[in-house]
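In the working numbering, the protein residues as written are 29 to 656.
Derived from the structure by calculation, the hints contain no laboratory data. Keep in mind that the hints are not guaranteed to be accurate.
[Said to hold, decoys possible] Keeping only pairs whose Cα atoms sit at most 27 Å apart, straight-line, the calculated BS3-like set for lysine-lysine is:
hint	residue 1	residue 2
1	K597	K614
2	K196	K59
3	K130	K35
4	K534	K548
5	K130	K196
6	K578	K568
7	K548	K578
8	K230	K130
9	K94	K59
10	K548	K363
11	K509	K466
12	K196	K35
13	K94	K157
14	K59	K548
15	K35	K94
[Said to hold, decoys possible] Cβ-Cβ distance ranges computed for the label pairs, FRET-style:
hint	residue 1	residue 2	range
16	F97	F382	32 to 40 Å
17	V474	A553	46 to 54 Å
18	N460	F491	45 to 53 Å
19	Q186	D98	17 to 25 Å
20	A562	K597	18 to 26 Å
21	A489	R373	34 to 42 Å
22	T611	S575	28 to 36 Å
Owing to the predicted nature of the structure, the values given are computational and were not obtained by experimental measurement. We put the beta carbon where it would ideally sit given N, CA and C, even for glycine.
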Amino acid sequence: MERNHQKNGLTNLLLLFATGIAAFTVALYTKSVSGQIAAGFLGLGVLVALISWFQMRLEERERIEKLEFDELAKGGASSSTLFNTQDAEGFPARRSREQFEKFFVPGFTVLLLLVQGFGAWWFWRWIGKLPAAPTLNQPLVGMAIFGMLALVLFLLGQFSTGLARLEKHRLLQPGASQVLLGAYLLALVVAAIAAVQSGFDKADLIGARVLVILLGLLAIENLLTLLLEIYRPRIKGKVGRLLYDSRVVGLVSHPEGIFTTVAHTLDYQFGFKVSDTWFYQFMKRSMAWLVFCYLLILAASTSLVYVQPGEEALLERFGQPVAGREVLGPGFHAKMPWPIDAALRFRTQEIQSFDIGIERDLEKERDEAAILWTVSHYKQEFNLLVASREPNGGSTNSVTGKKAPPVNLLSVSIPVQYQIQDVRAWAYNYNNAGELLKQLATREVVRYFVGIDVNEIMSTARFTAGDQLRQRIQAQADELKLGVQVLFVGLQDVHPPVAVGGAYEKSVGAKQTREANILKARAYAIRTNALAIAESTRRKLTASAASTNKIAAALATESLFTNQMAAFKASPEVYAQRSYLQTLAKNSSDARKFVVAVSNANEVIMLNMEDKIRDDLLNITVPPPKTK
């Protein structure tokens with residue numbers, strides 16, 4: 029919360045600074061004496077707001093320092109021994125704040141007293157040297173700008189003072205009071221300029237002298253405050269009133285609380301309850317006049333209307349459009365106070381939308397990520413009648429024997445987005461143009477869905493239906509001159525009603541299963557036929573190859589026998605020996621052979637038909653000997 033107070037104090041400071049520069053510039057341009065003096069008041073308010081904001085920062089640093097000390101003190105015995113001190117050196121932020129309040133605040137108050145006293149003296153002499161009735165330059169422009177600045181200051185000042193009073197934040201009060209004082213002074217300047225326009229030529233100078241007198245009263249008050257501060261009893265733990273917080277400014281800026289402020293001041297200075305006296309009670313009964321004045325100020329604040337960016341406003345006077353000012357664009361505009369003039373705002377640049385066919389349930393939409401057909405999508409859904417183009421028409425009732433019409437029901441969510449193009453046609457042609465547009469759109473949706481197939485709208489036609497609906501709704505809106513442009517129409521959800529969602533899913537599932545079974549049968553037939561054809565071809569080719577092989581083998585055997593006959597006839601012994609050896613070599617190619625080289629011996633051939641010993645056991649590779 030303290031950080032918010034600092035932001036509010038900084039906002040008051042920046043607003044006073046910006047408003048002071050603007051008021052001084054406009055006062056020089058319009059040659060308004062009261063406006064220039066009011067700008068001087070705003071400059072003094074900048075100084076007060078600056079000091080109060082700086083003191084807020086010091087107290088915030090002290091608060092943070094205390095919190096850090098408390099956290100360190102909770103750390104343990106060693107940490108508490110190290111930081112357990114109440115010396116000023118152990119709390120630099122607190123010491124800075126105390127030194128600031130002890131030396132700088134009184135010094136600033138003295139400086140403020142001197143500036144106010146010198147300013148009152150100098151302004152009084154300056155006004156005396158001016159003409160009796162100075163001429164104003166562009167007074168209407170000055171009234172408009174001063175009035176706008178006064179309204180801005182009044183609104184923010186009321187907020188800041190209310191916040192300071194409710195939360196009892198004493199450092200926010202001085203800047204807030206200065207903001208409200210600036211609002212009332214600028215309102216006085218507007219009244220003075222208006223009086224000059226009405227024929228009271230000296231009204232601006234009179235207003236300037238009133239402001240100078242007020243400045244002198246502020247200087248006297250500061251002097252008395254400094255003197256009373258010297259004799260004020262110091263009570264330990266009790267926070268004193270800020271020296272630069274003027275009571276006069278508080279009274280002027282808070283006329284509704286004048287008696288309470290006076291009672292508190294007297295209670296503080298003299299130590300008795302002023303609010304219990306008969307005089308205070310008597311004055312309290314006159315508060316109705318203050319309320320009346322406040323209502324007058326409130327009525328005056330309605331003379332300025334602000335149109336937000338992206339909006340347009342229709343200005344009406346006693347319910348009729350103001351000639352030449354029917355439509356007001358974004359920005360500030362002056363008008364007669366309420367109830368004479370009224371501004372009707374419309375969001376012309378914003379894309380607005382409504383839904384057809386549903387009533388939304390925001391809680392349900394936010395909680396559920398995925399919604400099935402068997403679960404309600406929204407708070408309420410409305411069913412639309414859709415045609416069916418099935419070749420066999422509707423189904424036949426088994427009980428009555430009657431054929432059902434070829435129609436279906438669908439739940440459809442259709443968002444429609446639009447933008448206001450002609451604000452006057454939108455506001456004046458019909459009592460409730462928004463509701464009329466929604467009814468037109470609903471009618472066109474119903475007409476469109478009656479003439480489209482349910483399967484198409486749930487599949488291929490879903491993407492083109494939105495554009496067709498937009499064109500049809502736009503044509504109806506143009507025919508009725510609604511002054512609106514339909515930007516988008518979409519089919520958010522298209523599904524059967526929730527009550528028949530499960531049955532529809534089963535029906536669709538059965539159809540898909542049937543189609544899948546048909547495709548499986550077709551695939552099996554294609555695969556079986558292809559395998560049969562391939563097996564037939566394979567067998568034919570195998571038989572043909574066997575036939576060819578046998579014929580070729582027979583021919584080869586015939587040719588071999590013919591060639592062998594010629595060789596046998598040439599040398600029967602050699603042929604027989606060669607055949608014997610070829611047979612031996614062919615059949616004993618895998619047998620182990622031992623050749624024994626002996627002399628004077630006949631050829632002996634021994635055949636060993638035992639199992640062959642493993643080759644890796646007999647043929648062992650002997651490594652070569654190692655050499656040194």
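Broken hints, numbered, in rising order? 2, 7, 8, 9, 10, 13, 14, 16, 18, 19 and 20
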